[in-house]
Structures are given as C-alpha cells and as structure tokens.
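> Chain residues, written in single-letter form:
Protein chains: 2
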Amino acid sequence: MRYFLLTLLLPLSYQSNAQAVAPLTAQLDNVSLTFALGADGRPSYAVTYRGRSVITPSRLGLSFVDGRGFDGPLQLLGSEVKNVDETWQPVWGEVKDIRNHYQQLTVHLRQPLAPGQKLDVVYRKLDIVFRVFADGVGFRYEFPAQSALTYFAVQDEHTEFNLPGNHKAFWIPGDYDSNEYAYTTSRLSEVNTTPIAAIQEKAAPTRVQTPLMLKSDDGLYINIHEAALVNYPALFLNVDTRNFHLSSQLVPAATGAKAYLQAPEHTPWRTIVVSDKAPDMLASKLILNLNEPTKLTDTGWIQPQKFVGVWWEMQVGKASWNYADTTNIKLAGTNWNKLRPSGRHGATTANVKRYIDFAAKHHIPSVLVEGWNVGWEDWANNWKEEVFDFVTPYPDFDVDELQRYAASKGVRVMMHHETSSSVTNYERRQEDAYRFMKAHGYNAVKTGYVGRIIPRGEHHDGQWMSNHYVRTAELTAASQIMVDMHEAVRPTGLHRTYPNWLACESARGNEFNAFSEGNRPEHETILPFTRLMGGPMDYTPGIFKLQGYNPSVPERRVHTTLVKQLALYVTMYSPLQMAADLPENYEKHLDAFQFIEDVPVDWDDTRILAAEPGDYLTTVRKAKGKDEWYLGAITDEQARQQPVPLNFLTPGVRYEAIIYADGKQADWQRNPTAYQITKKVVDAKSTLQLRLAPGGGAAVSFKPIAAR
Amino acid sequence: MRYFLLTLLLPLSYQSNAQAVAPLTAQLDNVSLTFALGADGRPSYAVTYRGRSVITPSRLGLSFVDGRGFDGPLQLLGSEVKNVDETWQPVWGEVKDIRNHYQQLTVHLRQPLAPGQKLDVVYRKLDIVFRVFADGVGFRYEFPAQSALTYFAVQDEHTEFNLPGNHKAFWIPGDYDSNEYAYTTSRLSEVNTTPIAAIQEKAAPTRVQTPLMLKSDDGLYINIHEAALVNYPALFLNVDTRNFHLSSQLVPAATGAKAYLQAPEHTPWRTIVVSDKAPDMLASKLILNLNEPTKLTDTGWIQPQKFVGVWWEMQVGKASWNYADTTNIKLAGTNWNKLRPSGRHGATTANVKRYIDFAAKHHIPSVLVEGWNVGWEDWANNWKEEVFDFVTPYPDFDVDELQRYAASKGVRVMMHHETSSSVTNYERRQEDAYRFMKAHGYNAVKTGYVGRIIPRGEHHDGQWMSNHYVRTAELTAASQIMVDMHEAVRPTGLHRTYPNWLACESARGNEFNAFSEGNRPEHETILPFTRLMGGPMDYTPGIFKLQGYNPSVPERRVHTTLVKQLALYVTMYSPLQMAADLPENYEKHLDAFQFIEDVPVDWDDTRILAAEPGDYLTTVRKAKGKDEWYLGAITDEQARQQPVPLNFLTPGVRYEAIIYADGKQADWQRNPTAYQITKKVVDAKSTLQLRLAPGGGAAVSFKPIAAR
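Chains A and B, in that order, give the protein sequences. Take 146 as the starting number for the first sequence in my numbering and just add one per residue. Take 146 as the starting number for the second sequence in my numbering and just add one per residue.
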C-alpha cells in the first residue's frame, strides 16, 4: 500500500458563526471531487469526469430524531488526504485480482457553538469521508466516538445527487418491500411510478430505487448506488423531475425513524460510478472495494456452484409447494401425517431422486428442493407469525433417504428456508434449522422473504432487516453454510465481506416469465447496469422449453431465444447459477445443455467487449485456473451482428470454439428454440462474427487444443 | 362435572334484515346475565347482582381492519346453556381445592345477508360465550372455524362496561408500557390521568388499566379485568366521565391494528367480579377458573420459594449492576476483562457468597443475583438491540465457583435476564441462555423488560409481547425452569396454565420506596383488589431498614412500619417472596426476621377476615400440608384496632401464637422500626386484639402445641 497523509488543521473560530472555507478536493485520473462549506455553513460536494460535470454542487447532511442532527450549519475542524493503491484477491469472482486505488479526503466537521458559548461546551462532531477512484466516487458519514453523541436516531439523510441534465434513466419504483419490477427507461423528467406501482402503498410517484443507471446526452454513464449496507436502511432516491436533483429517501422503521445508531458508527458508502464507456461501468470494482475484507480465514468450504431444483415445476403450475390442499393450517397441533395429500406435491422423495440423477449425470453439484417442509398450505400474505418450523419434512419427503441417496451420487441437496417474511419466527428457529441442515448433509440454503415483514411495520429494506440479512450471513458462515437470499434488500457488495453469501435474488428474475407477462427482451441487458452493480443475482436462467410450459396459461412464453438463455450464464455473473428448467426439457436438447454443463461459475478474468444498457451486452470470461474462455452475447428485441475479435485469447494457442448460435430463423416471438452448434478452431488473431436474433444471443466456449 | 345442555335454535329469517329477539339469560346464585340483540341487530349484555344493576345494557362487538368485522347488525343463529360444577387442585396457591361452578350461555351470531343475497352466500359467524359464576361473569368472543373467516386483524374491540353510577374507582393511567403507578382513588367523573402520566406519550386523559376496582354508593364491589390473555393485546378502559361508561381500548401493534388472528380463535375472557362484601373479591377464583388447566404432567420440580438477592443494594445506590463506569459499550467486540472495574459492582463472587451464607443459615432456598452478566454499562433507554447476551459473566463473577459453593450450602442461585426490552435479541438468545442456566445449576429466572420494546413500535402490553411472555413460560417449562417476569403485562390467571410462571412484577413494587417518593401507606391495601386479581406479584417485601438506606438521599423512607413489612408476606399472596433487605439489616432484627423465615409461600386454605380497598386488609392462611396458620393485617395511614376471632383454628387444638406487633409508639413516619414480639397460647375460641399503627400492621404465626 502506498500511503501518505496530509493534515491541514484550519484555524478554528470558536466564537464565530459559520464561515465559508476554501473548497477541498480529491482527484484520481479523470475523476475529481470537490467538498465545500458555504457561507451558511452548509456542506456540499460536486463531482466531475474529465472536466464534465457529473454531480453539480449537492447537499450533504443528516437530521436526527432528537432535533440536533447535522442538517444545520457546520464548522470545519480540519481535513486529511491520503492515497491508497493495493490489490486483493476475492474468494470468488469475475477476476482474480482486484485493484483498490483511490485518493481519500476526510473532512472533520462539528456543529457550531452558539454565540457566547464557551470552548468547553460539548458539541457534536461528524466526519465525511470521500474516496475518489478512477471510475467514480464513494463517500460516507462517520460519527466518531464522542461524549456528546452516543445513541441517536437518524430521522432523514439529506444527501443529494444533483444532475446537470435531464438524463436518460433506467429505474424501478421505490417500493420498500420489493425490487421485482421491470425497468422503465425514461428521461428523469418523465419518472412517474404511479402506473407501475399503484398497488404499492408506500410508493411515491417519483421515488426510485438504486442502483439507478443514468446516461447523459453527452455520453456519460453514471450509476448511483451504495456500498456496504450494514446497520442502516437502504437508500432510495426521490427524483425532482424539473431540476433533475435526486434526494435521499431512507426506508423507515416501524416507528418512522430511519436508523438507530450508536457512535462510533458510520453510514454505508454512497457511490457514484462514472465513465464515458458503458463497459467500464460493468468492469467497475468500486462497490466491492468499498466493502470490508472478509474476516473468514478458512474459505475452502465455499464453493461457487450450479444447481438444478424442484422449483420451476411449481412456478409453472405443474406441481405445488404444499402437500395438501387444506387452506387453514396452524403449525402447532397439526398432524401432517393425517392430511390428505393433493397428489400434486413437488418435493417427494421420488421426484427429488429424479433431479439428483440428472444432476449426477450432468455434473451439476446441487439440487434445490422447495416445498419439503410443513407449512405451505397457507403460508403467504396473511401476516402470520408461526408458518414454518424449518425442521419438519412433509410425510412424502424422506430426508434421511435423500441424504443417503444424494451422497451416493456425489450430489448435495440444497436447503430451502422460506420465511414468509415472518422473520421473528425465523430468528427464533434459525440456529436449530442450521443444526438440522448440518445433521442432514446440507451445506447451502436458499432463504426467502415473501410477503410483509414481521416485526409488523418493518420493511424488507429497512435497518432492522439489513441487520437480519447480515446476521444470517454471519450465522450461516459460523456453520459453514452458503446462503442465497431471495426477496432480500438488493446487494451492496457485502459478498466481499461475507463470501458465503453467494447471491441474492432481489430483482425481477427469470421466474416472472413463468407467472406473469414476463420480462421484456431488454431486461437482461439492463440488469448488469442496475441490480448487478451491487452483487450476484440468482436469476435462474436456462429455460429451454420457452412456450407452453404452463398448462393453464398456454400463451405464456419466455421472452428470449434458447441460446440467449445460455448466454445469460456469462453475461449475468453469479457464483451460483441455476439450471432452472425441468430435466425432461433439458433431455430434449442435451447438445445445447452441454454449454450449461461446461460453463464455470468462478473466473480469473472478465472482459466486457460491448455493452449498452437496454440494448446489448457481450462478455467474455476466463475460467478459474484454466486457459478456457466463455463468451456470452445478448441483445434486446433487435437482431444484431456482433463481430468479436478474439484478441483476449492467449497468443499462439489454438482453441476449439464451440459456438451456440441462434438458428437462422430464430426469433424470441416466432421461433425461440431454433439454434445451431458449430465447432471452429480459432486463435487470438481470429474474429468471430456473431449473429444475434431478435431477443437472442450467442454463447461460445473456447478450450485450448492440446498440442500434438 | 354436572352438565346439561339446552339448545334453542331460533327460526332463521335468512332473507330478512336484523330483528330483535327475546333476551337470553344465564344465572347463578346472586348473579344474573342478560344478552340481547336489539331491533337494530346490535348485541348487548347486562349484569345484575341480587337484582341490583352491575352493568347496564352495554355494547358488544369488534371491528376488523378489512372493514367486515362484527361491529354492525348481527343475526342470532341459536344459543346453548350448560352448567358446570367441578373442583380442581392448583399446583400451588392460596387454597387446596378450587370450585369451578358456572352456568354458560353460548350465543351463535352471524353477519346478516344483504337483501336479495342467496342462502349459499358465505357469511361470517361469531360466538359469544358467557360464564356466570356466584361472584361474577366472564365472557369472550369466539371465532369458529369457517370458510368466510380465516385470517383477520382486529381493529378495535367495542365491548363496553356501562355502570349505573359515579362509582369510586381505584385506577392507574392507561400506559401501554408500564403498570408502575400509584393508584388514584376518585369518582369515575374525576378520572384524569394527565397530571400523573404527562410524560407517557401514549396515555390518554381518561384511559385506565385493568384490573379496575370500583365501589358503588350502595356498597357493591366490582372488579373489571380479563382472564387468559393469550395471543391478544391487553384490555384497557376508556372512561366516559359523564355517563360512567367504560369502553374497550386494546393496546395497538406497531401498525396500529390491535390483533392478528387466525380462526378458530377467541379473545381472552372479559371478567366482572362482583360482591357486596369486599373480602369476597379477594377470595374470588373466577379469573383462575377461566384459565385453561395446565398441560404439564410433571410439576414436582416447581417449588414455591422465598429468596434473598443482590438487588436492594443496587436499588438504594450502594452498589451497581454495571462492572465498569464506561458509558458507551458495544456488546460485540468489547474485552470485558480490560475494562476498569468501578469498585461498586454488586454481583461479585465474594458478595454473592455472603448472601448464600445468609440464605443457608436462615433456610431461604434461593439467592437472586442481578448484574452478573456483561452489558450493564449502558443498558437502558437507548432502544439498543444488542445489549446483553445472557451467557457471559463479568470478570468478577465466577459462575462455576458459585455453582459449587451454592450447592455445598444447599442453596440455589436464581438467574437474572434483564432484556432491556430488546425482545428480538432475547428471543434469538433465549434457548442458549436456558442451556447455560441448566449447565450451571440454575432452575429459576427473573426476567426484566425495562425500556421501550424492540421490535420498535410494539408495546409491553400488545399482542406480540403477550405471545412473547407465554412463549417464555412455555420455553422455560420445557427446560424445567421457573420464571418471574418483571415489567411484563399484568397477569390474567395464566399461572393456572403455566404453573412454572410463579409471579410477575407488573405493578408498582416495594422498590419504589428505594428510588422515588415511594408508595403511600394505602398502596398495599389496594393492590390485592387490583393488580393481584390477576395473579401473584413479586412485590419484594421485607425491608427492615426503613430510613437512611440510600446514602445520597437520606430523607427517603419506606412508607410502612417494620411489622407491616412482615404482614405483607401474608396479605400479598405469592408463591415467590423475596426477603428484599440486606443481610446486615436483617441481622439487627433476627427476632423479627424469624417470621419471614417461618412464613410459607404455599397454602391449603385462605380466609380474608377483613378488607376494604384503600384502608385495611386482614388475611389468614393455612400452611400447605400442616396445621399451621399465618395471619397478616395491614392498614393505611390510619391506626386501627382489629379484633380477630380465631375460629379458623382447628377446634380443640392449642396453638402457640407468636404475635409480631407494631410497638406502642410505632408510626410509619416517626417511629417505623418499633415492634414487639409476644407469645401466647390460643385456641379456636380465642380472640386476638391487634393494634395497627399508622402505616402499620401485624403478623402472627400459629403452630399447634404438641400434646404432652
């Protein structure tokens, strides 16, 4: 680590009112940050990229429930600048080495003394720490240990992100309890969530979620999000549709306050990633770098992995999570053996064995099983506290037999803990549930938070739940369990700190193609610029039967070609990737399934070859520890020609490229399943000409040809 | 059980609007109950005692959050009457046998069909069940299993208790989070909590708590409370100070709704105990009878007991709960061994041994130790979630050594779990905490709920916390642990169902004499008519040093004589009684302490010899399994002569009576410690003349003289 420290302690004018001070700056490469304290004592910041305005002067500050927050005038006590340049290795990820290079500006502020107050009067202190990277800025509020400020409650955060123009924005409504929306692309002036989120009681008409992706008319790509969301509510943004100012909206607790804190403490980092090239946004490691290194010393048990599961058949209505068709069950006192089985239950011993067999045959390490445990008869949307106990299988799910069978096949069964958002109930039973898992050979759990949170009045994205997700990451790690959280708050890079936290859902997944009007073809070209900025998603790609999968809604379809489903394994990075379709659907296309079987989930290198949010994305990645490369290219509803120079390949090495391409007549609407697989010998000087069908894609594997 | 059933199914007028029906009645001895459905379809009830009106016609009903509750017109589907007369034995209590004798009227109601609706339209059904006892009435709402009503949220309960006059009332303010108030005695027209509870944000000016004790001008004693508070918020009462109507106020959840329920379900019983004799109120077993029998089959491990404790010395400021004087501690990451001890910590190994020695010498089974575990440095009033872990002792508390030492002396150490009302934190750690207890020889725990509840927005007396208390009773029972809950909701007779739940505080205890202006001399004559109607209180009597105990507030004093402190062991029934003062204070009055050493905490019989709320109370009880009797007599600030005919003694047997009397000059204000102890041989024909000093009392033990 290179490091130097510059301290400038300004003369303190204790008895005076606030005074304007000279702006403070920090800079790295093309990015420049300015902090200013105005004549009124109000702090603000601004950001430029190559001299172009990214954030115009914007307010900083917080108000407290006790009325003595940092929303009034402040005085500057001093500041420091330091430079850091270090490289670290993630436990798993898109690249082997991550450079963490920034200039840090720390600003020390305090509340001013009232006129006539003496020097020894106790005042409250606040630090604001900025880190300027080559691809953006992160900053946070820090509350140092101090006698005048111990316990406090944040009423509002007043951070603003003022934009110089009416940018194009990719946004979803500001629902405190769900991120499962399709993105709207509009000018900031046109943001209006009302038609989309009318049923969401908490949504305000111009409140949107982060990561918010923006593009300026002069070609700047800007992403606003946060890093390291711990012990704080999620940050939402209120859009001023006339002035293009974004103001902070923290998700409230049941009391209406936003965060209950104890100094020393700090907020999460507010992040602004910026570039004039779209691929740079996807290559940014700014958010990861702002997270703390993991404290885990033994990480060998953490295994990025693919899985199949008893899941899609429920999504498409062919099977059910519930065992019986009863609709009024109380967890305590129900004799589950006496319920009349509906005959539609998915998680039966026999059916799970079928998936285990398929996984074993195709080298898929795990089988997720949902609906294995009692309570699904009336589990959702009743704000009911005692729904699941997480340790009692249905009568037709033989946990011991499946443990034995899976082990004999070299496959793991993946646990499922749907909490129905009754989090108090889950927390009471959580450690017992993990003991049950370990006793039965499970080492990974998918958690779910469908419905309204209990404690009632709390939200999925509030401080109390933020702490729950982190606690769950810690509790699972303590038992060497990997975790995949669904309906959790969207990620903020915490997988650096908790590498057993493999993925979240926390966005509109592939499943929406099963039970709704579906995801538009552009959806997967936007997600990497929005939701995936914070971390991996369990998107559940790999649907091969793209039409007619839901017997009761035959017109329903997936809005991609089959090949685009393959490409998603590369374009949507995750260490946890489901092969979501049914074994019988894969068995009809085993040649195409070969790509899913081959594609890794952990990488030494990643290159974004072409990208434009809402339009297209081409990504190539190098397998962990091998000279193998995997390429995914996707497009929206437009067909595209995509020339791909293969100069990422090792010079002088010949590779066999297996090209999974949309068929000539392929089209997501008319002919989604048409594909062709060709093999070609290539090297670093070759160029591939990829043709992407409307709603289509391409997937390519490159393996070196052994020298003879 | 005598039993007969009368079903009268009235002709159903499905297509008609609501119609008035003939009133339905139930009756036992002097108490009569009438249910009526008015011409407007509104249900009401009324109660009389010997023909005198107790409750004038009063509204019944509930509204739901979904707007389809039972607050509109209803139709009568039918009704049933049955009689029950049975006797049962409590695991511990005031009497050996309890008679449960009542006539039950069940009324079946439904929402009416709208005009033109068809017979097969689904409507919602409600039962109201009344039980009429010789000393009052209990009734509750029952929601039968039905397809039209499964999950629902109660918005308000509309039960009213309309009184025919401007009765005298003994009341405390309607604070959703505390019962620790002095009682005000006033006419209903004068109820005004503002001067008392101005600091209580939730208090409304005429909202009071139950048990509400009333006395009419014509000499009727009436107590309004509830029985079996499970899965529902506590019942408060809004007083209409002009019409003397009491309306129900349920304690809200964080959302504002009152109760989240799933049919089949029922509310707690609403209780009205009535008599023209004050002692009958205290002898009533109506509330216990309305609770469910215990499901515990093995209750041998449940031991009513006395205890001393490292506690009063903290209350009076001589020692501290906290180990260090630091004021900003985080549970995680603090190295407790490195904190600088203040030197004032009470729960040291050596100090606990001193209490163990005293307990062993005086046959006191247990020693409570508060402040033994880390976290007390800044535990209260910060709405902080991670305060205590319940398993980490302070460095100067040697849990293993004390386990060994206590066992060698035949004494138990009693566990203390102050939660600081961070109940989510406690629930996460609760089972670990009980495992820790069992591993270290503890079989009883005192829990505490000081401060604001987490989940934030919930209240001590709301549904969520009601469930927590019951869950805690169940969890402790599962580990054969007895429990004493402080700052919990006031009891409703659940100790019948959970006999390991020995006591609650849940009222203004003796401790208020340590740290406030204290309890007025009348306080302990009111508590049995109010708080104790629901169950035993851990009042912590037995203070012998009545003045000058708090070094920093020398004028502070206990508002009783020493002898009244003795009498409280009899007048305030509890299976768990602390001898609350310091060993060194007892050692100065070991002759008086002999009564505390002798007095049992479990009884075969109890007689209330004289009682008037706010004035005086004389109670005599027969020890469990022995022909020994113990008498307590207390008065308010008035001196009294109390002749006591001893006709409760076994005829023909001679007893040695040891009479602990106020000294001739005794007076709680001027000379509280003066007492005289005399011995006398008496029999059933004798009469004792007791003289009670102002704020004083008398205590007497009667042991048979062995025949020679």
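If you're looking for bench data, these hints aren't it; they were derived computationally from the structure. Keep in mind that this is a model prediction, so the values were computed, not measured. All C-beta atoms, glycine included, are put in the ideal place defined by N, C-alpha and C. Honestly, I wouldn't trust all of these hints.
Capping the alpha-carbon separation at 27 Å, the derived lysine-lysine pairs in BS3-like fashion look like this [stated by the list, open to error]: (1) Lys241(A) <-> Lys483(A); (2) Lys475(B) <-> Lys270(A); (3) Lys583(A) <-> Lys583(B); (4) Lys440(B) <-> Lys483(A).
Quick look at which bits of chain A chain B covers, simulated, 3 or more residues with Cβ under 8 Å [stated by the list, open to error]: (5) 278-288; (6) 600-607; (7) 678-686.
> Each of the hints needs a verdict: does it hold here or not?
Tested hints:
1. Lys241(A) <-> Lys483(A): Violated, at roughly 54 Å.
2. Lys475(B) <-> Lys270(A): 20 Å, holds
3. Lys583(A) <-> Lys583(B): This hinted pair holds, its Cα atoms lying about 25 Å apart.
4. Lys440(B) <-> Lys483(A): Cα-Cα ~23 Å, so holds.
5. 278-288: violated (count 0)
6. 600-607: holds (count 4)
7. 678-686: violated (count 0)
Hint compliance for this structure: hints 1, 5, 7 are not met, and every other hint is.
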